[in-house]
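Peer 1: Please build the complete structure, drawing on both the sequences and the hints.
For what it's worth, this note's numbering labels the leading residue of the sequence shown as 532, then goes sequentially.
No lab work stands behind these hints, which were simulated from the structure alone.
C-beta atoms are modelled at their ideal positions from N, C-alpha and C, and glycine is treated no differently.
Fair warning: there could be bad hints in the mix.
[What the hints assert, rightly or not] Between beta-carbon pairs, the in silico distance windows are:
#	residue 1	residue 2	range
1	GLU657	ASP703	23 to 31 angstroms
2	GLY885	ARG642	51 to 59 angstroms
3	LYS899	ALA843	23 to 31 angstroms
4	GLU797	LEU690	15 to 23 angstroms
5	PRO896	GLN731	37 to 45 angstroms
6	LYS899	ASP703	46 to 54 angstroms
7	SER719	LYS899	43 to 51 angstroms
8	ASP831	LEU774	27 to 35 angstroms
9	ARG740	ALA617	22 to 30 angstroms
10	LEU592	ALA763	15 to 23 angstroms
[Unchecked claim] Okay, derived cross-link-like pairs now, SDA-like style, lysine to any residue, Cα gap no bigger than 25 angstroms in a straight line:
#	residue 1	residue 2
11	LYS913	SER837
12	LYS852	ARG919
13	LYS653	ASN612
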Amino acid sequence: MNISKLRIIAILLTVFVAGAGIFTYTKYKKFSGYLIEQINSQTGKKLGRQIKFKKVSFSPLEGVVIDEPCVSRAPDFTKGNFFCAARAVIRPELDQLMKNRLYFSNIELERPVVKIRETGGKWDFEDLLAMLPKTSKGLYITWNARKLTLKEATLEMDLGSSGNSIAFENADLTLLHYSDLAGNFSLSLSGDLKTVIQGQLVTAKTSFRTDLNFEYTGLTSAYGRVEFSDAAMGAATLRKASLNWELFNMHKSAPEKNYTAGAKAEGLFIPAQSCDASQSVNSALTLLSEIMGKASPRCDDIEMTSLALDFALNDGILRIKQLNLDTNFLNLKTTYELNGPARTVDMALAASSGENKLNLTAKGPMDKPEILPVMSVTLNRKLIGVVRDINAAFLKTFPIAGE
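Peer 2: Below you can see the structure in the form of structure tokens.
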């Protein structure tokens, strides 16, 4: 009797699994057919571009597989390629697909090449944005893919307004969306960065990671880290550098924001003939010589052993907890606090250049702090001007001071 019951249960389970498999397969095939129809007929016309691919197939394990998909620039391939990939894999979420809703658990692109152009302030993908659902909600709310992956990608961006170009090569990108409420996203990107600045080629191995948290009002917080290694700009080189940040209350006014950030860099070398950096350094050293009363040694090649910076903004008070710089022309340690509500500044600087040393403080009202030790009238005026310029630069970005 028990054996018969077990057989019946086994048969029922087999029938259920087979039925669910057939139903799922049917849904997948229906979605695959719908996708092929859209690509072949409607989508290209709506985009105002041509679309081509080698083959579309269905895999129960992977989803819909598109071999060699390609999208032209507007209006056709005679204008070049906007996007091409060796392979695209699209996997809908089964539970949503059963409800005739289109959500994706994974979209994966292998060896994609994306070429973006900007001319006169307009991007050549603006027509594609018109394909998004008509809604007042942000893309972070309507985004319907849980995971987007780009493997061995090439991303090229030409900025016609500035004449600059930026490229990421051998890039791996992963974008995760893990919240149904508004949107929480995690983005990681690594690859070889290439661009041109002031006519000089800039290259660096780059690694980037950030988490973005959205509410319906928009972006509320973000934290992450970016690292550069083996960077070069013309003849100038940088062994490694990093920047990390934690940003909270981003949607609120400046006095309510809570930001912390840090930066580190090691092994910077700029030859004298590489750019105008040595000229700027020597101009700064001239002012420092006036303050010290002794001539500072002239700088030709610039070598920086290390740089460390810690920054914080909280309750309307901006703090540089440390700015430590170790170079072949100057060793510098600085702390800085700008109190927006109180409209005061508190700055301390310790510097040494060759055998010359200086300890300087600026404290008091942000427009006219007291400089110690006491300097000549001319030098005092210059230093107050420098402090004012620093304050103004920060206040332009972080308007924390009341009227």
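Peer 1: Would you mind marking each hint as holding or not holding in the structure?
Peer 2: Now the hints, each set against the structure:
1. GLU657 / ASP703: 23 to 31 angstroms: 27 angstroms, holds
2. GLY885 / ARG642: 51 to 59 angstroms: 54 angstroms, holds
3. LYS899 / ALA843: 23 to 31 angstroms: Given range 23 to 31 angstroms: holds, Cβ gap about 25 angstroms.
4. GLU797 / LEU690: 15 to 23 angstroms: 30 angstroms, violated
5. PRO896 / GLN731: 37 to 45 angstroms: 43 angstroms, holds
6. LYS899 / ASP703: 46 to 54 angstroms: Holds, at about 53 angstroms.
7. SER719 / LYS899: 43 to 51 angstroms: Between SER719 and LYS899, where Cβ atoms are some 47 angstroms apart, the hint holds.
8. ASP831 / LEU774: 27 to 35 angstroms: About 29 angstroms separates the Cβ atoms of ASP831 and LEU774, which means 27 to 35 angstroms holds.
9. ARG740 / ALA617: 22 to 30 angstroms: Given range 22 to 30 angstroms: holds, Cβ gap about 26 angstroms.
10. LEU592 / ALA763: 15 to 23 angstroms: With a Cβ separation near 44 angstroms, LEU592 and ALA763 fall outside 15 to 23 angstroms, so the hint is violated.
11. LYS913 / SER837: 28 angstroms, violated
12. LYS852 / ARG919: Measuring from Cα to Cα gives roughly 19 angstroms; hence the hint holds.
13. LYS653 / ASN612: 18 angstroms, holds
Checked against the numbered hints above, the structure breaks hints 4, 10, 11 and satisfies the rest.
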